[in-house]
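Once you have looked at the hints, place chain B with the ligands on chain A.
There are 2 protein chains.
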Amino acid sequence: RAYQGAPTGTDIECKGWRQEAALRMLNNNLDPEVAERPEDLVVYGGTGRAARSWDAYDAILAELRDLDDDETLLVQSGKPVGRFPTHERAPRVLIANSNLVGRWDDWEHFHELEAEGKIMYGQMTAGSWAYIGTQGIIQGTYETLAELARQHYDADLRGKLVVTGGLGGMSGAQPLAVTMNHGVCIAAEVQADRIERRVETDYLMESADSLDEALENAKDAIEAGEPYSVGVQMNAADMLEELLARDEIPDVVTDQTSAHDELEGYYPSGYTAAEADRLREDDPEKYVEESLDTMERHVQAILDLQDAGAIAFEYGNNIRGQVQNHRGMEHAFDFPGFVPAYIRPMFCRGRGPFRWAALSGDPADIHRTDEAIRELFPEHESLMRWIDLAQEQVSFQGLPSRVCWLGYTTDDEGLTERARFALKINDLVASGEVSAPVVVTRDHLDAGSVASPYRETEAMRDGTDAVADWPILNALLNTAAGADIVSVHDGGGVGIGNSLHTNNHVVLDGSDLAAKKARAVFTTDPGMGVIRHADAGYEDALDEAARSNVRIPMRD
Amino acid sequence: RAYQGAPTGTDIECKGWRQEAALRMLNNNLDPEVAERPEDLVVYGGTGRAARSWDAYDAILAELRDLDDDETLLVQSGKPVGRFPTHERAPRVLIANSNLVGRWDDWEHFHELEAEGKIMYGQMTAGSWAYIGTQGIIQGTYETLAELARQHYDADLRGKLVVTGGLGGMSGAQPLAVTMNHGVCIAAEVQADRIERRVETDYLMESADSLDEALENAKDAIEAGEPYSVGVQMNAADMLEELLARDEIPDVVTDQTSAHDELEGYYPSGYTAAEADRLREDDPEKYVEESLDTMERHVQAILDLQDAGAIAFEYGNNIRGQVQNHRGMEHAFDFPGFVPAYIRPMFCRGRGPFRWAALSGDPADIHRTDEAIRELFPEHESLMRWIDLAQEQVSFQGLPSRVCWLGYTTDDEGLTERARFALKINDLVASGEVSAPVVVTRDHLDAGSVASPYRETEAMRDGTDAVADWPILNALLNTAAGADIVSVHDGGGVGIGNSLHTNNHVVLDGSDLAAKKARAVFTTDPGMGVIRHADAGYEDALDEAARSNVRIPMRD
Ligand SMILES: NC(=O)c1ccc[n+]([C@@H]2O[C@H](COP(=O)([O-])OP(=O)(O)OC[C@H]3O[C@@H](n4cnc5c(N)ncnc54)[C@H](O)[C@@H]3O)[C@@H](O)[C@H]2O)c1
Ligand SMILES: NC(=O)c1ccc[n+]([C@@H]2O[C@H](COP(=O)([O-])OP(=O)(O)OC[C@H]3O[C@@H](n4cnc5c(N)ncnc54)[C@H](O)[C@@H]3O)[C@@H](O)[C@H]2O)c1
Numbered sequence: 007r008a009y010q011g012a013p014t015g016t017d018i019e020c021k022g023w024r025q026e027a028a029l030r031m032l033n034n035n036l037d038p039e040v041a042e043r044p045e046d047l048v049v050y051g052g053t054g055r056a057a058r059s060w061d062a063y064d065a066i067l068a069e070l071r072d073l074d075d076d077e078t079l080l081v082q083s084g085k086p087v088g089r090f091p092t093h094e095r096a097p098r099v100l101i102a103n104s105n106l107v108g109r110w111d112d113w114e115h116f117h118e119l120e121a122e123g124k125i126m127y128g129q130m131t132a133g134s135w136a137y138i139g140t141q142g143i144i145q146g147t148y149e150t151l152a153e154l155a156r157q158h159y160d161a162d163l164r165g166k167l168v169v170t171g172g173l174g175g176m177s178g179a180q181p182l183a184v185t186m187n188h189g190v191c192i193a194a195e196v197q198a199d200r201i202e203r204r205v206e207t208d209y210l211m212e213s214a215d216s217l218d219e220a221l222e223n224a225k226d227a228i229e230a231g232e233p234y235s236v237g238v239q240m241n242a243a244d245m246l247e248e249l250l251a252r253d254e255i256p257d258v259v260t261d262q263t264s265a266h267d268e269l270e271g272y273y274p275s276g277y278t279a280a281e282a283d284r285l286r287e288d289d290p291e292k293y294v295e296e297s298l299d300t301m302e303r304h305v306q307a308i309l310d311l312q313d314a315g316a317i318a319f320e321y322g323n324n325i326r327g328q329v330q331n332h333r334g335m336e337h338a339f340d341f342p343g344f345v346p347a348y349i350r351p352m353f354c355r356g357r358g359p360f361r362w363a364a365l366s367g368d369p370a371d372i373h374r375t376d377e378a379i380r381e382l383f384p385e386h387e388s389l390m391r392w393i394d395l396a397q398e399q400v401s402f403q404g405l406p407s408r409v410c411w412l413g414y415t416t417d418d419e420g421l422t423e424r425a426r427f428a429l430k431i432n433d434l435v436a437s438g439e440v441s442a443p444v445v446v447t448r449d450h451l452d453a454g455s456v457a458s459p460y461r462e463t464e465a466m467r468d469g470t471d472a473v474a475d476w477p478i479l480n481a482l483l484n485t486a487a488g489a490d491i492v493s494v495h496d497g498g499g500v501g502i503g504n505s506l507h508t509n510n511h512v513v514l515d516g517s518d519l520a521a522k523k524a525r526a527v528f529t530t531d532p533g534m535g536v537i538r539h540a541d542a543g544y545e546d547a548l549d550e551a552a553r554s555n556v557r558i559p560m561r562d
Numbered sequence: 007r008a009y010q011g012a013p014t015g016t017d018i019e020c021k022g023w024r025q026e027a028a029l030r031m032l033n034n035n036l037d038p039e040v041a042e043r044p045e046d047l048v049v050y051g052g053t054g055r056a057a058r059s060w061d062a063y064d065a066i067l068a069e070l071r072d073l074d075d076d077e078t079l080l081v082q083s084g085k086p087v088g089r090f091p092t093h094e095r096a097p098r099v100l101i102a103n104s105n106l107v108g109r110w111d112d113w114e115h116f117h118e119l120e121a122e123g124k125i126m127y128g129q130m131t132a133g134s135w136a137y138i139g140t141q142g143i144i145q146g147t148y149e150t151l152a153e154l155a156r157q158h159y160d161a162d163l164r165g166k167l168v169v170t171g172g173l174g175g176m177s178g179a180q181p182l183a184v185t186m187n188h189g190v191c192i193a194a195e196v197q198a199d200r201i202e203r204r205v206e207t208d209y210l211m212e213s214a215d216s217l218d219e220a221l222e223n224a225k226d227a228i229e230a231g232e233p234y235s236v237g238v239q240m241n242a243a244d245m246l247e248e249l250l251a252r253d254e255i256p257d258v259v260t261d262q263t264s265a266h267d268e269l270e271g272y273y274p275s276g277y278t279a280a281e282a283d284r285l286r287e288d289d290p291e292k293y294v295e296e297s298l299d300t301m302e303r304h305v306q307a308i309l310d311l312q313d314a315g316a317i318a319f320e321y322g323n324n325i326r327g328q329v330q331n332h333r334g335m336e337h338a339f340d341f342p343g344f345v346p347a348y349i350r351p352m353f354c355r356g357r358g359p360f361r362w363a364a365l366s367g368d369p370a371d372i373h374r375t376d377e378a379i380r381e382l383f384p385e386h387e388s389l390m391r392w393i394d395l396a397q398e399q400v401s402f403q404g405l406p407s408r409v410c411w412l413g414y415t416t417d418d419e420g421l422t423e424r425a426r427f428a429l430k431i432n433d434l435v436a437s438g439e440v441s442a443p444v445v446v447t448r449d450h451l452d453a454g455s456v457a458s459p460y461r462e463t464e465a466m467r468d469g470t471d472a473v474a475d476w477p478i479l480n481a482l483l484n485t486a487a488g489a490d491i492v493s494v495h496d497g498g499g500v501g502i503g504n505s506l507h508t509n510n511h512v513v514l515d516g517s518d519l520a521a522k523k524a525r526a527v528f529t530t531d532p533g534m535g536v537i538r539h540a541d542a543g544y545e546d547a548l549d550e551a552a553r554s555n556v557r558i559p560m561r562d
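Sequences listed follow chains A and B, in order. Mapping of the first sequence onto the numbering used here: residues 7 to 562, in sequence order. Mapping of the second sequence onto the numbering used here: residues 7 to 562, in sequence order.
Next up, chain A with everything else stripped away, as it sits in the complex:
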């Protein structure tokens, strides 16, 4: 089916803006600029779909157009299955995707049901109508590094050298995220065309012919306090060993080569990319052995750099697990993963990827909200940097939208960061400064919304990684608070049976009702992050709870 994306403008097809927002966000998810394969209803992340079938899609739209302001539509794995009278303050749409009873909660059962059209993979934001394109990737990497800077360098990477590997789909965002934080980045990448591509698309400033050249340029930039990034065509393990040999210790070392896959993802040392590709064809078993040997050296080099004073973290590619499992390297986990190290401290304060879209379709509306962020949070340096850079460098896909990390921390009136900003947007809509309602949503990866032992809840202090009561309470509480769409998904980025997570939308149409909803939801939702981490014993969360008067029964 040929597909157009979201309707825009100020005329609506539905009986109210809450229903219209749902309709536009579903369509935005399927915008050819946004979705990977809109013709198959696939938004991103493998087979993450927005609706179960085109028939289901048509039926959802028909229901939304007809839905009253006190009715609620139910969507079960991408199919509309019911519609009931509730009340104005309640959600207009409730969504549950891909959920299976525990014993059957695996790919085998999922695929059986999927083949029969009985279930759908919702990924995270795909099935909950909240995907906004690649903006999320660069922003997540930016925030991770910004948090590192806050923890270690007074909130800025100026004059700091970050060394990493990989310049592919996701990993290619690393150099830009470093320079956005004013730092200097050297990235090793074995494939020359990957380096070129990042230079062409302005994710990387230049490519160097040798590590010597890269280091020289990097040192100049550090001296001058200028942001700088450079790619070198070489194996990342080799590069780190060479830095050690020369006693050139970077400030930060990480890696985002595709180490999670020892055959198709990671390149062994001692081969060019082309040679390695031939080896993979001819002798895959040898390839795997060589690849794991290199990974072992790679992890050892990271640990040695850490010992020599560098800040080291794993960036979600499972390189530690690989060498622990396949090479028996027991100390592989002596450097931390990125979630416990940099994301979790933010989760403790209810910070997470808050995003909003202009339902008008007018970029000026987002620019006006960018202004509002600047007015409200001038003291948040990394946020100010992000907004400037996003305006300059991030092009819109589908409905103009923005993402930034906001948290719980309350002001004098007891309003959280998220609530303050949402209420501000609502005022701008009321006054007409923003031309049509704005919908606020978020990633499923958020402070209080997810149980995912392989990622967001890896290595929780109290061992409660797999406890799923929390996302369920989060969805129930946001429903109680009056979010306009609430969804609960199984699987997401780590696969069926490996996580449970939720999200929600609040439509800011300038009304008092919207203000009430926003005030409640943007307290309860980040608040769940604070209490979940406080319950696990994190000091940052206990501190935030005390600072912002979050009630925690058995601690108060």
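Just so you know, these hints were derived from the structure itself, not from any lab. All C-beta atoms, glycine included, are put in the ideal place defined by N, C-alpha and C. Careful, some of the hints might be misleading.
Unchecked claim - With the Cβ distance kept under 7 Å, some of the chain B side facing chain A (calculated, not the full set): (1) Val-107; (2) Arg-109; (3) Asp-111; (4) Ala-214; (5) Ala-486; (6) Pro-559.
Frame of chain A, contents of chain B with the ligands only:
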């Protein structure tokens, strides 16, 4: 800790009746008359608890006493973990118990976390503060047989012979449930003292010395059209074979011996109970072989009786699975389980175990509501019978309460059965005819509230037994509708990882708010049963949806 049960009377400790209802129901669950081991916070069903620890219990009570009318308390596996401002129409308490991410959703991980005090087993009504004692057992059996009677005999078992096995804890309810439906029951039981106990407690009318005597008396009762029940001390398999040999074919054959456990539960033929107990001690392997041999004959006899014209069903003891697994008897499943046969048709119409408790503690309040049931549903014969019998024969435990099955089916004004009755109670509270508010709740085993492939969703027509989107949507929707407590549990009666289910409470305090909540929740909650079964293709559900104007998007 010594324990007293729920406070009663019209003075309250909390800021409103909704919070007070939560406090009283939690305490009622722990009443020594109601709970199995109140000193350990265990309510029923193995280790089904009402709160995680006494500290958690104290904290829950403190929070409830202090909770405002627009606040919501969060309980995570029996521990209060947060409290947030929401609004009046929202729930006062949200509960999630025992939930784990799929891959970790098993007893091993659960017990690890439980040992560290990080999680609690909520069973079904234990952790959601809705258990009302043994009333539920007899009533469930009564309803199963009443549905059988509706399907096959014009809603009455008068003049019909039901033959079964087992007179133990749960199975002992069978003869009374048959006579409550005006039928005649012969039950085989190998242990004489079990038979005596049921006679003493009026669950069984008499005990016979032989099958001949039992049959003779049964025939007289059938002739006279009188209810009658009799126990015979013999093996159930032997009894069924003898009936076949004599060509005495009963109208209905079932079984509730503890066949799920071939060593500790089921008795082999050819031994007295005492001899079998010795064999179990001396030679457990031989016991198991003999036990399974008898079960094979037992199932074959049920199938032969079915062929000869009897209505046969399995009553939740897994005797079919046992002989299929251990004796390779492929045709074991040629007779149905009780859920697909008798419970599911009720679920299709949103019928399920609706229960209510008088917060006053005054039995007169429940008697007044019994009257209301009689006034509202005079045409429901089996319901009228149940109310009469319950008044006569069921003694209250803890807060006076009642249970009966009500469904979706709407009246001329579009009100469901459940809503009509709840609104009637609310009126009685408003007028003072009932002396204090009444709280309405239900079992987790209900029409639209559970995914449980080993029980409630066994053998769904479309194979969606394990799809858990439905109970999640149910909990979200009831929260949206404004139930006062909403809970989501993993496990329940079939064990961790095997089911997901929800329940809810609505407090009827005579107010307009209560009326709004009741009208919405008692539409959405049974409505989920109708749409879930309609989606699976059940004609009864599609019929109910058409009859009662339940909106089903892709069917309308
Ligand atoms: N942090 C997160 O939440 C998160 C999210 C998505 C992906 N990831 C992980 O990050 C990794 C990278 O993802 P991607 O999308 O960029 O993958 P990709 O395959 O597109 O890019 C990886 C790049 O690494 C290069 N490479 C492989 N081995 C190398 C070596 N030894 N030395 C130098 N370069 C080498 C490859 O040539 C490739 O260009 C994956 O393991 C992925 O699972 C993490
Ligand atoms: N339908 C449901 O939802 C449901 C609910 C609970 C239990 N059950 C099942 O019902 C069964 C009975 O439960 P219970 O609580 O009554 O157990 P119980 O052990 O208290 O009673 C079973 C009785 O059967 C007798 N018995 C065993 N083998 C016999 C034989 N071959 N012939 C005659 N009598 C025999 C025993 O002496 C015992 O008195 C169990 O398998 C249980 O799992 C079903």
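Quick rundown of the hints versus the structure:
1. Val-107: 5 Å, holds
2. Arg-109: 5 Å, holds
3. Asp-111: Constraint on Asp-111(B) satisfied, holds at 3 Å.
4. Ala-214: Interface hint status for Ala-214(B): violated (44 Å vs cutoff 7 Å).
5. Ala-486: 4 Å, holds
6. Pro-559: 4 Å, holds
The earlier numbered hint that this structure contradicts is number 4, and it is the only one.
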